[in-house]
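Residue numbers (our numbering), protein chains in the order written: chain A, 21 to 360; chain B, 21 to 360; chain C, 21 to 360; chain D, 21 to 360.
It should be emphasised that the hints constitute simulated quantities derived from the structure, not laboratory data.
Since the list gives no way to pick one copy over another, a pair counts as held whenever it fits inside one copy or between any two copies.
Lysine to aspartate or glutamate pairs mimicking EDC-like chemistry, simulated, CA-CA at most 20 Å apart: (1) K257 <-> D204; (2) K26 <-> E359; (3) K131 <-> E270; (4) K131 <-> D293.
There are 4 protein chains.
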Amino acid sequence: MNTIGKILTLTTFGESHGPAMGGILDGMPAGVDIDLDALQRFVDRRRTGQTAGSSSRDEKDRVDVLSGIWQGRTLGTPIGFLVRNTDARSGDYDDIARCYRPNHADFTWEKKYGLRDPRGGGRASARETVARVVAGGIAIQALNKLGITIQASAVQVGNSQCRDAKSCVSQLEDELKRAMAEGDTLGGIIECTVKGVPVGLGEPVFGKLQAQLAAAMMSIPSVHGFEYGDGFAMAAKRGCEVMDLFEKREDGSIGTVTNHSGGIQGGISNGEDIVMRIAFKPVPTLMREVPTVDRDGNPVTLQPRGRHDVCVVLRAVPIVEAMAALVILDNYLIRKTNEL
Amino acid sequence: MNTIGKILTLTTFGESHGPAMGGILDGMPAGVDIDLDALQRFVDRRRTGQTAGSSSRDEKDRVDVLSGIWQGRTLGTPIGFLVRNTDARSGDYDDIARCYRPNHADFTWEKKYGLRDPRGGGRASARETVARVVAGGIAIQALNKLGITIQASAVQVGNSQCRDAKSCVSQLEDELKRAMAEGDTLGGIIECTVKGVPVGLGEPVFGKLQAQLAAAMMSIPSVHGFEYGDGFAMAAKRGCEVMDLFEKREDGSIGTVTNHSGGIQGGISNGEDIVMRIAFKPVPTLMREVPTVDRDGNPVTLQPRGRHDVCVVLRAVPIVEAMAALVILDNYLIRKTNEL
Amino acid sequence: MNTIGKILTLTTFGESHGPAMGGILDGMPAGVDIDLDALQRFVDRRRTGQTAGSSSRDEKDRVDVLSGIWQGRTLGTPIGFLVRNTDARSGDYDDIARCYRPNHADFTWEKKYGLRDPRGGGRASARETVARVVAGGIAIQALNKLGITIQASAVQVGNSQCRDAKSCVSQLEDELKRAMAEGDTLGGIIECTVKGVPVGLGEPVFGKLQAQLAAAMMSIPSVHGFEYGDGFAMAAKRGCEVMDLFEKREDGSIGTVTNHSGGIQGGISNGEDIVMRIAFKPVPTLMREVPTVDRDGNPVTLQPRGRHDVCVVLRAVPIVEAMAALVILDNYLIRKTNEL
Amino acid sequence: MNTIGKILTLTTFGESHGPAMGGILDGMPAGVDIDLDALQRFVDRRRTGQTAGSSSRDEKDRVDVLSGIWQGRTLGTPIGFLVRNTDARSGDYDDIARCYRPNHADFTWEKKYGLRDPRGGGRASARETVARVVAGGIAIQALNKLGITIQASAVQVGNSQCRDAKSCVSQLEDELKRAMAEGDTLGGIIECTVKGVPVGLGEPVFGKLQAQLAAAMMSIPSVHGFEYGDGFAMAAKRGCEVMDLFEKREDGSIGTVTNHSGGIQGGISNGEDIVMRIAFKPVPTLMREVPTVDRDGNPVTLQPRGRHDVCVVLRAVPIVEAMAALVILDNYLIRKTNEL
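Looking at chain A on its own, in the form it has when it is part of the complex (with noise of 0.2 Å):
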């Protein structure tokens, strides 16, 4: 159930105030060059920090690979790694060992296994996507050589959208900081584009692309929608208004003249851009005074603490494009077996 892919398989643990979070990333390829530098400063792109509103726990996210790499390339074996937590501080939730975040996942996780390690959320922390953000980085390196890239940012942060990359993020900053001045916290919608996919990934039926990207992504913390391609709106369209017509190329190959389908037909990738937007909710930990109920159903009320994200966009950035990563990854080996 911590495991996520077939052929290439990401199999993650960690608790948020344990002594590390880490993960296995079995059946790549071997011989694979791993630039472990650029491994290092993909995961550093999810660190806190980084941009107005992030959480002030100041973890290095080391990055330490235990296994499956030598002299700079895969062996074809498990890749085993680890990210220590080093800025742990538990003391901060003894409260809510006793009472029930609203919107968190403290009621539902001490329902089901019939206790919960409160210190930090746990395994429910979104911190256990520094592991996603690792194995993705490394397929990402791997997709790079076939001439795969991937690109995700954030569009809408509340209710500010982008117009252009450029002036986007200073844009989604002042939204940010007049919701953090009210003790508030903001969703938004990241859309991540892959390019470069051959024809022929994906499985039909069960299998199809955009199932296994759907998983991937609605398995992130504080998603709450996925779409691709025109998405949505597309159930508004009439047929002959998102039909994307064939053409032949110049180099000999046949395209198509839009991309209302996001690269994907009939489960399968047609070559073109594969394009999807996923959907953020609000961060559950407001800087404020919180009612709520504890574990007999007693009113109380939360006292803001902890060190919180107030938007998870910006940092979601990187697990976007991890978790797609993974997903091409797999598909692409997947594809080798369609023939004898």
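Given chain A, work out where chains B, C and D should sit, using these hints.
Relative to the frame of chain A, chains B, C and D by itself:
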């Protein structure tokens, strides 16, 4: 790849114009009473000819259960079943064997496998969903015994949104008739609600309940978007606006006052209604001439042929319910393994 | 649980006296020529009535392929197939519904599921193996195109061991006739050799080729032991006695002089013949009175009834070949994913 | 491929001379008390230097649990753990990077992946089993709480078979010393008994309990054979000789008088002791000169080097117990899903 689920698994087979569609539902608990007449009625809800604009292909869709149910009860063994294809007219499809229909799977399928069965779209046809409905119908009967019910309905067809369930179907049918008159097609949105789900279903991290539901729904042909709870709208809201505060109920249990979270928190059901919305693209086959290319990229014009739906949304309602049932029952069974 | 394989998967269904046995073979590469007549002949090798002491139940075992093969070639889609049960005589089994036959699955099955289909042993009957042989027969045709061949044969029946293949069957049949005359039954050993396997199949650690082959063979009803290469005899040998020294062959390739390792080293095929031996217990149904207990533990005497084999070993030869084929082809496909 | 299990899964990583071996045990039920000191003692049973003829490599094998256990109890989250490699001497292995040791994985591994980590055999080293023992040790503690116990012991080393448990180890050590004096190595047989298993574990058809146990045991390095109950000897017996007749016991339960079936019938545990035997080949590294070839097939002579066991059987006893525990606990959990 034609399998979904972990403990309760469905594997399906069948081409649109082959002798039969079918599947194997494995992992069903033993000793569950199954009413085969009720199952047939559930499958009939997906049949053509029941609403305006549905295909004129008239399949009886008789469910033939071959194993796993004996004397009206499940044996704990795999349930094999067939639905014969009886009204296939393969002559209709001769020309599309030589060219690629826009927004269909013809191009991607042929590039992936090197060959394809063009008759009725082969396995890429939405006819494959009949096997999902059979299996889901069995799962629904099991869930009902546990007090869990599932109800989906179309809430939008084209630009027309439903105000209330009563007026909805006739209102949507008006929209369908307009599109049909123009040889055009429509998409739409289905909302699905699952009631009576116990707290604790879903697996944290990659197996979050919303991730599994998204994968199941996104695997339905024509689906382009999935959201749960407040979904995409949540991205534009403040944290304080979507907070589902806890309350103690009269029976002593703890629940939430609102349900912005759509019944799932931290990837795990919280006991409230699970609510999700699924967006369908317009049917890709227009009843008009459509320009496209043949295998060599040369322009050709497709004449309107075959028997197709103007909009799949009304027929897709039981498909959505079926997929929801398979996911929920699977997680209900997995839930049993959380304690020793 | 009724599924085997990773990329190439077989899922089966069917009770001995239900309407049909069947299965879905998923993951078969596309574009492979399949000779359905040759497939039927392979399945016929498992039928009754071909050797002394085989059951008098006379099933025609006509293979009905429902999908996945079109115009004589695989489509890359799941291959659904049926074999109807036509000669079931369920009246024979009325009394065993009330008591447990020794060395059968009656007791364990009923305790596991709370109920069982007693007719012909239900799904616990070796009749389920017909679906394995159908799927394996398809896999064998694919392997043959790759230059990989599989041959199994009975090397021991009861106390009688075969010196050479020629005299073997008649010699074993003599042993069978003696046991039959006494209302008794026999076990035996099958040896299976796979030739032409390329180097590199099998996955280290838990997916070792011998582990996958062992699981496949031990899943055949009545099998009690598996060994490969020198097997159990290796335990008593010195290291220097079983060393498969390397040599350079005339074609420049590297091979081993001897094959104590049975074609697998470190869990991975080394290009030599894969050789394994599978031990079958004697058939549990004697043609004698047998004392046993009913559901309440009260003593009862079972009268000899039904139609049963005296020894399954001769009929099991194609089953062993089928299981070997499924494992080898699956690993051939997985092997393709070892490189980017 | 580095994962075993269905609900309870173990995924491992690590090269013999890399920084650490480790794994993730996922699916452990929540709320189980785990004694980490007892776990360390169990892992210590696999260490070197405890019996004659074991490798002089001296690893402390300190188990470092990184997640999933908090305040002495399992959380229901994945248990990540490490065992550091501290006594690796990679200089010892420089020459074997250029040639293939007979009966090792050097040749197959290099052909499969195109490269290999030659240091200490890389991931093909039996050192990977330390992760199995850690995970299995946790599973054993859970099983013990259910009244299920597992005990394995060496019953044969080389040609020497044990009469009784008491004299066994010293007797076997004599055999070891003789082989060691000659620079030779030995194989052997381990017998493993699982007591207290409830009726109903194991899944019919491909998931038979013996199939899962065989796969688990055959995945241990050096294992060449698996049998359960009367095993290979059953092949030569008459049906009447191996019939496990039922009886009613004093507590009213039904059991069998004998146990030729080894505690499993129809693939499902019957409540009797599960008994199986596992055959190990002699250690492939002799303390003698051994002729072999280099990558180009040219003859070379390997000088005795590195630190190796003369026989793995004594050290493998806890490995066998660990693998048995993982399979049995996994099936115990799956068993819970047989009823609604």
